[in-house]
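Visitor: In case you want the letters, here they are:
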Amino acid sequence: MSEQSGVLQEGARRVWKSQRIVWWLFLVNLLLAFLTTRPLSARLEQVTDHSLQSQRLVNGFDLGAYSELTTNPDAAFSSVMGESNLAIVVFFVFALFLTSGILATYHSDYRLTTTQFFEACGAFFLRWVRLVLFMAVVLIPICVLSYKLLAWSGSVILNKAGPEQTGYWLMLATLLLTTVVMMSLRLWFDMAQVRAVLEGERVMRRTLAQAFRLTSSNFSSLFWLYFRISLLAWLGLALGMWLWTHIPGQHSGLSFVVCEFVLLWWIGTRLWQRASEMVWYERRALTVAAATAVIEAVPSPESSIGAPPTN
Amino acid sequence: MPSRSPVSAVLCLVLSATAQSSIPLHATNSDRPLSERVVAYDIDARVDVQRHTIDGMETLTYRNLTGKPQDTFPFHLYQNAFQPKSTFMTEMRRSRPSFEWKEKYRASSEITSLEVVGMGDLTPQIRFISPDDGNPEDRTVFQVKLPKAVPPGESVQFKIKFHDQLGQVLARTGYKADFIMGAQWFPKIGVWWQGAWNCHQFHATTEFFADFGTYNVRLTVPKNEIVGASGVEVSTANNADGTKTVAFYGEDIHDFAWTIEPQYRVFTETFNGSMGPVTIRLLIQPDHLDQVERYLRIIHQTMDHFDRGYGPYPYKQITVVDPPHYALSAGGMEYPTLITCGTVWWTPKGWHELEEIAEHEFGHQYWYGMVATNEFEDAWLDEGINSYTEVKILNDIFGADRSQLDLWGITEGDDASQRNSYRGVADKDPMARYAYQYMDGSSYGGITYGKTATVLLTLEKVVGEDTMRRAIHTYFMRYRFTHPTKEDFLKTVEEVSGQNLRWYFDQAVYGTAVMDYDFATASSDRLDWYEKKRAKKAETTYRTVVTVHRKGDFIFPVDVLIKFDNGDSVREHWDGRDRWVRYTYDKKAKLLSAEVDPEHMVRLDKDAFNNSYTAQPDARASRKITRYWMVFIQFLSQIAAWLA
Numbered sequence: 000m001s002e003q004s005g006v007l008q009e010g011a012r013r014v015w016k017s018q019r020i021v022w023w024l025f026l027v028n029l030l031l032a033f034l035t036t037r038p039l040s041a042r043l044e045q046v047t048d049h050s051l052q053s054q055r056l057v058n059g060f061d062l063g064a065y066s067e068l069t070t071n072p073d074a075a076f077s078s079v080m081g082e083s084n085l086a087i088v089v090f091f092v093f094a095l096f097l098t099s100g101i102l103a104t105y106h107s108d109y110r111l112t113t114t115q116f117f118e119a120c121g122a123f124f125l126r127w128v129r130l131v132l133f134m135a136v137v138l139i140p141i142c143v144l145s146y147k148l149l150a151w152s153g154s155v156i157l158n159k160a161g162p163e164q165t166g167y168w169l170m171l172a173t174l175l176l177t178t179v180v181m182m183s184l185r186l187w188f189d190m191a192q193v194r195a196v197l198e199g200e201r202v203m204r205r206t207l208a209q210a211f212r213l214t215s216s217n218f219s220s221l222f223w224l225y226f227r228i229s230l231l232a233w234l235g236l237a238l239g240m241w242l243w244t245h246i247p248g249q250h251s252g253l254s255f256v257v258c259e260f261v262l263l264w265w266i267g268t269r270l271w272q273r274a275s276e277m278v279w280y281e282r283r284a285l286t287v288a289a290a291t292a293v294i295e296a297v298p299s300p301e302s303s304i305g306a307p308p309t310n
Numbered sequence: 000m001p002s003r004s005p006v007s008a009v010l011c012l013v014l015s016a017t018a019q020s021s022i023p024l025h026a027t028n029s030d031r032p033l034s035e036r037v038v039a040y041d042i043d044a045r046v047d048v049q050r051h052t053i054d055g056m057e058t059l060t061y062r063n064l065t066g067k068p069q070d071t072f073p074f075h076l077y078q079n080a081f082q083p084k085s086t087f088m089t090e091m092r093r094s095r096p097s098f099e100w101k102e103k104y105r106a107s108s109e110i111t112s113l114e115v116v117g118m119g120d121l122t123p124q125i126r127f128i129s130p131d132d133g134n135p136e137d138r139t140v141f142q143v144k145l146p147k148a149v150p151p152g153e154s155v156q157f158k159i160k161f162h163d164q165l166g167q168v169l170a171r172t173g174y175k176a177d178f179i180m181g182a183q184w185f186p187k188i189g190v191w192w193q194g195a196w197n198c199h200q201f202h203a204t205t206e207f208f209a210d211f212g213t214y215n216v217r218l219t220v221p222k223n224e225i226v227g228a229s230g231v232e233v234s235t236a237n238n239a240d241g242t243k244t245v246a247f248y249g250e251d252i253h254d255f256a257w258t259i260e261p262q263y264r265v266f267t268e269t270f271n272g273s274m275g276p277v278t279i280r281l282l283i284q285p286d287h288l289d290q291v292e293r294y295l296r297i298i299h300q301t302m303d304h305f306d307r308g309y310g311p312y313p314y315k316q317i318t319v320v321d322p323p324h325y326a327l328s329a330g331g332m333e334y335p336t337l338i339t340c341g342t343v344w345w346t347p348k349g350w351h352e353l354e355e356i357a358e359h360e361f362g363h364q365y366w367y368g369m370v371a372t373n374e375f376e377d378a379w380l381d382e383g384i385n386s387y388t389e390v391k392i393l394n395d396i397f398g399a400d401r402s403q404l405d406l407w408g409i410t411e412g413d414d415a416s417q418r419n420s421y422r423g424v425a426d427k428d429p430m431a432r433y434a435y436q437y438m439d440g441s442s443y444g445g446i447t448y449g450k451t452a453t454v455l456l457t458l459e460k461v462v463g464e465d466t467m468r469r470a471i472h473t474y475f476m477r478y479r480f481t482h483p484t485k486e487d488f489l490k491t492v493e494e495v496s497g498q499n500l501r502w503y504f505d506q507a508v509y510g511t512a513v514m515d516y517d518f519a520t521a522s523s524d525r526l527d528w529y530e531k532k533r534a535k536k537a538e539t540t541y542r543t544v545v546t547v548h549r550k551g552d553f554i555f556p557v558d559v560l561i562k563f564d565n566g567d568s569v570r571e572h573w574d575g576r577d578r579w580v581r582y583t584y585d586k587k588a589k590l591l592s593a594e595v596d597p598e599h600m601v602r603l604d605k606d607a608f609n610n611s612y613t614a615q616p617d618a619r620a621s622r623k624i625t626r627y628w629m630v631f632i633q634f635l636s637q638i639a640a641w642l643a
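So the protein sequences, as listed, match chains G and Z. Going by numbering that gives the first Met the number 0, the first sequence opens with residue 0, and the numbers climb by one from there. Going by numbering that gives the first Met the number 0, the second sequence opens with residue 0, and the numbers climb by one from there.
Think of the hints as simulated: they come from the structure by calculation, not from any bench. One thing to keep in mind: the hints can contain errors.
Partner residues aside, some chain G positions facing chain Z, computed with beta carbon under 8 Å [said to hold, decoys possible]:
| hint | residue |
| --- | --- |
| 1 | Leu26 |
| 2 | Asn28 |
| 3 | Leu29 |
| 4 | Thr36 |
| 5 | Pro38 |
| 6 | Phe90 |
| 7 | Phe91 |
| 8 | Thr114 |
| 9 | Trp264 |
Distance condition first, Cα-Cα at most 16 Å in a straight line; then the derived EDC-like pairs of lysine to aspartate or glutamate [what the hints assert, rightly or not]:
| hint | chain 1 | residue 1 | chain 2 | residue 2 |
| --- | --- | --- | --- | --- |
| 10 | Z | Lys460 | Z | Glu598 |
| 11 | Z | Lys586 | Z | Asp527 |
| 12 | Z | Lys587 | Z | Glu538 |
| 13 | G | Lys159 | Z | Asp527 |
| 14 | Z | Lys550 | G | Asp73 |
| 15 | Z | Lys243 | Z | Glu538 |
Beta carbons are placed, not taken as given, at the ideal position from N, Cα and C, and that holds for glycine.
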């Protein structure tokens, strides 16, 4: 337990030490969202900025007025998700690209130069793409199963006799199970990435297999490590939502700042997971190396048997 | 169906005779008939909860008040709608192509014998007809021709033996697990209306229409069942075969529905109305016990509002049914003196759906129950007027802007919800269209409920809110226990308001015109704009030009309020007949804002955002919405990045 805490603390220290990564990810996340919402903003300005009706959205949040706005052809809300998808894809690729640079930073004891950082990023990018494809192969059946389970629990709510809560508990259990499975999957692939960076592994199938053995043989300690940070991320989200519901509707700027803090916290906690996994892997590698060294130094029992006394 | 020993059969007869003799004088708080009782139904029905069947013996006494001899009588057999080739199912599939037929939905109603007293067995005379669409596979209406006509003023008695096979609840009626909703379950005679028989087939979007009368119904069900039904309970007698026979009596009603389920918990409360005490009997699911108070309170409040605002509730009881979560498609439905509602166990108090459904269904006791309009042909007269009174009452109880939702700072008014449901289908169908002839289900819903409510709310702008209340009150008092037409309603509003409102009704009720006003121009310019040298602001005269444009084809007079930055304001009234109107003012002040319909009473206007113009932009709303979207996109991006 104390060793685990040490890993968490060391992970947090490394994230703090290289906090420019957190800020960069946050700023790019923010910038992409800002840019993709510009067209929407421009359309909304046309509809609402000179309208007294918009006061219904300023003071509080009138769902009726908002519904009317979303169906206003001039606001063209129907195209918002299309516009947003680009930001989502770009941020995904950006995060994928940075992963090895981030891991290399958390591994090294000194500050990487920009060149070193991006060299690390570039060196592993295509490997990560292959890893994502592998992940998709594993993810699709999980998603299908989860969808089926959710649909089933939904049908229990709507169709099955018995206590009404049963279906909802089943739904909650399905969501929790899915979350645990997804977290385990992420942990496995995280370890694969850590191993690939530290070992300079090129073959992703091999690193996945090794990471699977490593993760499964140390599942409880690794999952506990990952889970505690996730829990803090969710608590941050819950706190943010609680604050959001208590901020008067007209103070949307303050609500926005609270939401941004939550999003920053989410990036921070995700990187904390990455850094802690790196620390865990390094310490394990040291332990294994030390154990190997001891095994190599101690004569084997077989060699001792029948050997002449040394005195 | 369990077999019946001769002893128990005799016992049943004795008990049923006892039950009949103990029928109270009235099921209403009136000592005289409230309606012209055209029909008298006497039904013995045995419910087999294992097979989900009903075996009934119906004695229908029909008074020929048509003014002419009648030898042909049509009947509804609604249960036959739940068959794959019926008109109901065909329309349902057309409206929802994803809908899949399942054998468990199949229901049927079969006449095993039909005898007319004095004329013998006429079972072979039964002919299925399809007056609406000619669908030969639809068996929801049959007619029987008598060997001799029933003279005007005389009565005829039908003795109909029927067998129902209930299907799993798909819409309104049927079974699910231990729950049974017995609605539209017995052969029901059509209505002689406007000089002809009115007996439509059952359609996917239509409801019902029937004559007033009395109902003596004896239901035999397993002893452990809790029974709720229209009318009032007269007696309960245990039978030797493990069943019980519960007798109900209803009068001045035009349908009879019942429900059974062993799990129901029963709560009662009394409402002291202006015609006497009314028992509110709530049958609720064990999972919803924490919502008992919400149910009883909203029913009590609604009854109070109706009693004070529109007229008295004359019946001695209202039964409120909370269906189980797995049979919510039987919920949200009205029957005379019985309504089904619907909720889920986690419903927060700020989400007023429970209250909205309960209020709406109770409101139908007035608009459908007592003012028994033709739901096949004039659905807006019951659903629409009811939606209007729902808005008025819920707004009064919860506040106009939060009558539907008041949760975590998010609010929604019921009038906004009704208006939004209409906006999406504004020009698809006129309100006056037959319910089964609407373009689709969403148009039917948006127009009959949403548009009607919005039309009547907008009418308040023309005639005044209090006049509108008086008109609805007059309409109720004048036409309760009759079958009024759309013109009866419209003429009542005209009469009470003292105004000729044809210009409005022709557009709103009979037409599909859409209303939308906006500002083509609204600006202030220096009167001496050609002078290079500017005078001081206080000394400068500005010419303010405001042009109001009628974008839509609906002509409606509107007020326009123009405000200036020195505190002055001007109110104009425009009849809206031309396509646009221009107002020009020369003042030592600039335009601050211009607004069409400053009191926000013209709810029919499809776009409320273009009804006003402010000279100074206020970006707070657009910024707020954009920020929410930014956060949402950032969040989604982070979820995606988690996979990287």
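Visitor: For each hint, tell me whether it holds in the structure or not.
Guide: Results of checking the hints against the structure:
Checking leucine 26(G) against chain Z by beta carbon gives a least distance of about 11 Å; that is not within 8 Å, so the hint is violated. Among the interface hints, the one on asparagine 28(G) holds; its C-beta lies about 5 Å from the nearest C-beta in chain Z, closer than the 8 Å criterion. Of the supplied interface hints, the one on leucine 29(G) holds, with its beta-carbon coming within about 6 Å of a beta-carbon of chain Z, less than 8 Å. Nearest Cβ of chain Z to the Cβ of threonine 36(G): about 5 Å, under the 8 Å cut. The hint holds.
Because the beta carbon of proline 38(G) sits about 10 Å from the nearest beta carbon in chain Z, more than 8 Å, this interface hint is broken. About 4 Å separates the beta-carbon of phenylalanine 90(G) from the nearest beta-carbon of chain Z, less than 8 Å, and the hint is met. Restraint check, phenylalanine 91(G) versus chain Z: the minimum CB separation of about 4 Å is within 8 Å; hint holds. Checking threonine 114(G) against chain Z by beta carbon gives a least distance of about 22 Å; that is not within 8 Å, so the hint is violated.
Violation of the interface hint for tryptophan 264(G) is found here, the shortest Cβ-Cβ separation to chain Z being roughly 11 Å, above the 8 Å cut-off. Pair hint lysine 460(Z) plus glutamate 598(Z) holds up; C-alpha atoms about 9 Å apart against a cutoff of 16 Å. Distance check on the hinted pair: lysine 586(Z) and aspartate 527(Z) sit about 12 Å apart at the alpha-carbon level, within 16 Å; holds. Proximity of lysine 587(Z) to glutamate 538(Z) is assessed by CA-CA distance (about 7 Å); at most 16 Å being required, the pair is judged to hold.
This hinted pair does not check out: lysine 159(G) and aspartate 527(Z) have alpha carbons roughly 78 Å apart, beyond 16 Å. Distance hint between lysine 550(Z) and aspartate 73(G) is fulfilled; the C-alpha atoms sit about 14 Å from each other, no more than 16 Å. Note on lysine 243(Z) and glutamate 538(Z): the hinted pairing is violated, with a Cα-Cα distance of about 92 Å set against a maximum of 16 Å.
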